[in-house]
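Listed here are the chains, written in short residue letters.
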Amino acid sequence: MSFAFYLISALTVAGGLAAVLLRNIVHCVLALTVAFAGLALLFLQLDAQFAGFAQILIYIGAVAILVIFAILLTRDPQVSQGKGMFSRTWVTGLLIAAAVFAVMGWAVLASAPALPNETSTPSVTVLQIGDALMSRYILPLEILALLLTAAIIGAVIVAMHEKVRSK
Amino acid sequence: MTGIVTPLTGYLVVAALLFSIGLAGALTRRNAILVLIGIELMLNAANLNLIAFWRYAPHPEALTGMMFAIFSIAVAAGEAAVGLGLVIAIYRHAHTTDLDQLSRMKG
Amino acid sequence: MIGKADQIFVLLQHWIMGFFPPAWQAVVGILLGVVAILIVFPTLFALSVLLERKGLGRMQNRYGPNRVGPCGILQPVADAVKALIKEDIVPFKADALVHFIAPLVLVVAVFMGFAVLPVGRNMVLVDMDASLLFFFAMGASTELAVFMAGWSSHNKYSLLGAMRAVAQMISYEVPLLMTTVVVVMISGSLSLVKIVEAQNHFSGIFPHWYVFTPWGLAGFVLFLIASMAETNRSPFDLPEGESEIIAGYFTEYSGFKFALFFLGEYVGMLGIAGLGTTLFLGGWAAPFAFLNWVPSWFWFFAKIMLWICFFIWMRGTMPRLRQDQLMNFAWKFMLPMTLINLMVAALWRFVDEAWLRWAVCWIIVIGAYVAMGRMGMRRKRIAPRRYRYAE
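From first to last, the protein sequence lines are chains V, R and C.
Quick note: the first sequence, position 102, residue 102 per the numbering used here, numbers continuous.
Quick note: the second sequence, position 90, residue 90 per the numbering used here, numbers continuous.
Quick note: the third sequence, position 123, residue 123 per the numbering used here, numbers continuous.
The hints are simulated quantities; they were obtained by calculation from the structure and are not laboratory data.
Just so you know, these numbers come straight off a predicted model, no measurement behind them.
Careful, some of the hints might be misleading.
[Unchecked claim] Examples of chain C residues lying across from chain V (beta carbon under 8 angstroms, computed):
1. A130
2. F134
3. L190
For glycine and all other residues, C-beta sits at the position ideal for the given N, C-alpha and C.
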């Protein structure tokens, strides 16, 4: 448990908290990117270089930007109507989340003695990941490719103007 | 907490915290986009768990957890694209992204 | 083969490191590398700004800056002093924190990319396994900085410019990434150091750069176009189209923060030029076998300055695209071409007979280019333009 771990996880959790608590949606997204960056750093701490960089590339470079586009294409209801930013059933939601956290925290802490403590650092190169993707995990990879293609087409069709379709 | 906090436990606690924050956000916010943000946070927390378990597993060479995380990142990107496309389509139809007002099943 | 002159900076680094206790040496070594990057690339930035202003001036039949210093070579210094002593204005309605952070994020992300670029033999700050991915991860972070700048200014021109910039960068990032995948497929590594080493061979006096293969040439041209769009250079400079939206996302920035954006833009250009050089033009490898005695870092910097000169030339030559042309070009031409190029590279990798793969790959690349061009042009009536004069 190094100092860096505490620092990065504090940053990540703070980013996550800000992302769900802030009033301005664009600020929420910026806080979300802080959380994403913190998670990428945690991945790097766990010696998962490839996953960490993929995290930055995909989440900060693509998903955050996508969310921003969606925000700018829609209007924020709490700005337009001056209502609160939480839904009517926020107490229930908060209780459920707290219960989930209690259960998970209890499970993690209760199983702490059984968890492996220290292992040798795995030296996994990108080459090995590529090999695994192309041999053992080829079927998931192909299915994923299909899924992403379907997602692209679906997203375009869903978001397209209906006027264009009826032409 | 008497000094038995292993690194793995630390990561798991952070992941649990992030997951709960995401869940709370998804369940309590009124804006559909913020619900999606909460879901993204939950997915990321799961990824952190996968990577942490991969790192401290007896056989990290098998790459199972890592692969899971990579696939999950890719699927999450697709999920975000479709989800936000749906939000935009709904906004175009109902002129709001307020989930409290979007409770009708009929268009 | 490796002379003292080639390794002079590495030796210098080791010499300075020798003054410190062993426990500190690694940290000091990295710090020295960081300092070197922070000195060299801003200097090159000043140089390329001067080059751009003078070169563009010549292309437009004027002198360009020629007042400060001999032949105007101190103009960047004057510009820097001006930027530093100017008042830093933050708009009243601006989101002050985001407005302040945006240029910092941009500059930091841009400079981080240099950490993995091999600027010479043994001269790379961090030689990591996934350095190409790292470079793109940092490049993706600049998009966010651009958006932050545009949105936080609370100015509709800024926001329009930022949205244009982000849309353009996302669209061209896809072909940019896909063209580099070709190189990764052939060299079998994501490490930029290994990619350069794979190209540092000679047959006779001619080098084995990837640009001299069918897929490499196609990839190089696509990369060049995509990199121009990615750095918002003319002819893809819609995000800062002066005649339409003032200065795009940095309209509301002044003084030092504006200088940071300016720096970020040019250093980003240098970075992407360095990446392209590394991937297709052999990085620090000499262009001919008999020129191997010239230090490797010289070749790297010569190549990126050549690249910058090309950018300047394009800026002086091409008119700005329209937004729909920009998007159509990215998605209907660049992306299919990069996908075809991927297939060509796969063929190249798995066909053994030399003449066959040269012939097949060239035919596919040229055929695809011609077919795509024809298809793209089909509906456009391009005839000699008839000018109608006042009668």
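Outcome of the hint check:
Hint status for A130 of chain C: holds, given a least beta-carbon distance of 5 angstroms to chain V, under 8 angstroms. Here the hint on F134 of chain C is kept, as its CB sits about 5 angstroms from the closest CB of chain V, short of 8 angstroms. The criterion of a C-beta within 8 angstroms of any C-beta in chain V is met by L190 of chain C, whose closest approach is roughly 5 angstroms, and the hint holds.
Checked against the numbered hints above, the structure breaks none of them.
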